[in-house]
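Asks: So the chains spell out like this:
Protein chains: 2
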Amino acid sequence: MTSKSKIRLCVTAPLGADKRVVLSSEDSHYLVNVMRRKAGDEVVLFNGRDGEWRAKILEAHKKKTILSAQEQLRPQRAGLDLWLLFAPLKRASVDSMVQKATELGISELLPVLTEYSDSRGIKITRLAAIAKETAEQCHRLMVPKVRPIQTLQEVLEDWPDERRLVFCDEAGKGDNPLAVLKKFGANKKIKSWALLVGPEGGFSPDERLHILSKPYVVPVSLGPRLLLADTAAIAALTVWHLALGDW
Amino acid sequence: MTSKSKIRLCVTAPLGADKRVVLSSEDSHYLVNVMRRKAGDEVVLFNGRDGEWRAKILEAHKKKTILSAQEQLRPQRAGLDLWLLFAPLKRASVDSMVQKATELGISELLPVLTEYSDSRGIKITRLAAIAKETAEQCHRLMVPKVRPIQTLQEVLEDWPDERRLVFCDEAGKGDNPLAVLKKFGANKKIKSWALLVGPEGGFSPDERLHILSKPYVVPVSLGPRLLLADTAAIAALTVWHLALGDW
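In order, the protein sequences belong to chains A and B.
Here numbering that gives the first Met the number 0 is used: the first residue of the first sequence is 0, the next is one more, and so on.
Here numbering that gives the first Met the number 0 is used: the first residue of the second sequence is 0, the next is one more, and so on.
Derived by calculation from the structure, the hints in this document are not laboratory data.
Positions of the beta carbon are idealized from the N, C-alpha and C atoms, including for glycine.
Take the hints with a grain of salt, since some may be wrong.
[Unchecked claim] Covered, in the sense of this in silico footprint (three residues per stretch, anywhere, with C-beta under 8 Å from a C-beta of chain A), are these stretches of chain B:
1) 67-80
2) 211-225
3) 238-244
[Claimed, not checked] Okay, the calculated beta carbon distance ranges per label pair:
4) Asp117/B / His209/A: 27 to 33 Å
5) Ser118/A / Glu107/B: 45 to 51 Å
6) Lys5/A / Trp158/B: 31 to 37 Å
7) Lys5/A / Pro214/B: 49 to 55 Å
8) Arg35/A / Asn186/B: 53 to 59 Å
Could you put the whole structure together from the sequences, leaning on the hints where they help?
Replies: Take a look at the structure:
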């Protein structure tokens, strides 16, 4: 991602022909100090609303860089409506999971506290920074939103009924997950999905029964091997893409 | 993995009733210094040949621990015959890829040098240690072998004809990879498989054509998103399991 044409940045400002964009101090530092870009150089900008734009640097300062959007390269497209619910993990695992989920098109990331997890290692601002950087590198047109941490109980109580929740159930002896999810493919009314993976120690028996009691829950099994939580998340996302996505 | 009953170690010695096993100094250090186990405590051992055994510590020393195998817990089973060929990546990515491939049942790991990659960050002994630790944690009965690094050209020249090589081809506009692989499911003669994922910059055009010219190569596409190499490896492994494995 170091070639001159490849820098992509997600910004908050509106994008349009000749619109001026002022970068955050973090992005200015990255562009000017780290990547050594100067006035006149071009970068690619997106903001999750106005598509992707070629932009020219007007003024390059270490703390405040000003650009002008030049030309739309891609129009905005609706992304997937797919959430990932995950319990806090070790820092390296949660960082890797957020990165990979972003690559695979997740729209919202929901850290949830479960009975066998605690909130060590979850820093929402760090996860949001990883999601932004990954979306920039992977040519996405939006950055997944990272929600504040809640208990799983709270999230389930407040659940939007029309959204199906794919539950990666280690304790279950489920069918091939592809067959389970494909059954939903014919029902065009279901457009909103979420995936739930547990912490390293799994869910408590009570918690598991509570999840399974919800009408919107779709339990699946991810094979006979013991998978770490971040691996389970990527595997589940891959199955979802094969059954219901655009692969 | 810290509860008293859960320590699993892969050893090189034969395992059988009352067989004495001398741990390596690394495993002794882990068991005695890190995990604080003492004479009389039990652990689980496997060696990739004789199944899984409950074993009792006879003498616990920091550098040399002696155990006695007591009872077979699981017989040895043939694992998958599935290799992963991957180009060197950044250290964190390659470590994560080796871990996840081990969880997902890979039998051999083959680091390969490609035109757009170099061998920075590939330390075979470190990768072998990660494979061992992951296999121990994930209840596998064998540790994947990590081969010395070779050029992709060398590996392809020396390829066993009956082994199919699934090529994750970023530049291709492939069909749904599940459909491609499922076609092979009916052919029971094909038992040996391998997956190939490229480096961050992909394959060179010449290299790509060279790969595609081989009769044993099965090209697949992993969807419209730009995936980092370690994510592509896990996604490809998941597809393989769904099409040809035991999920």
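Asks: Sort out which numbered hints this structure fails and list those numbers smallest first.
Replies: 1, 4, 5 and 7
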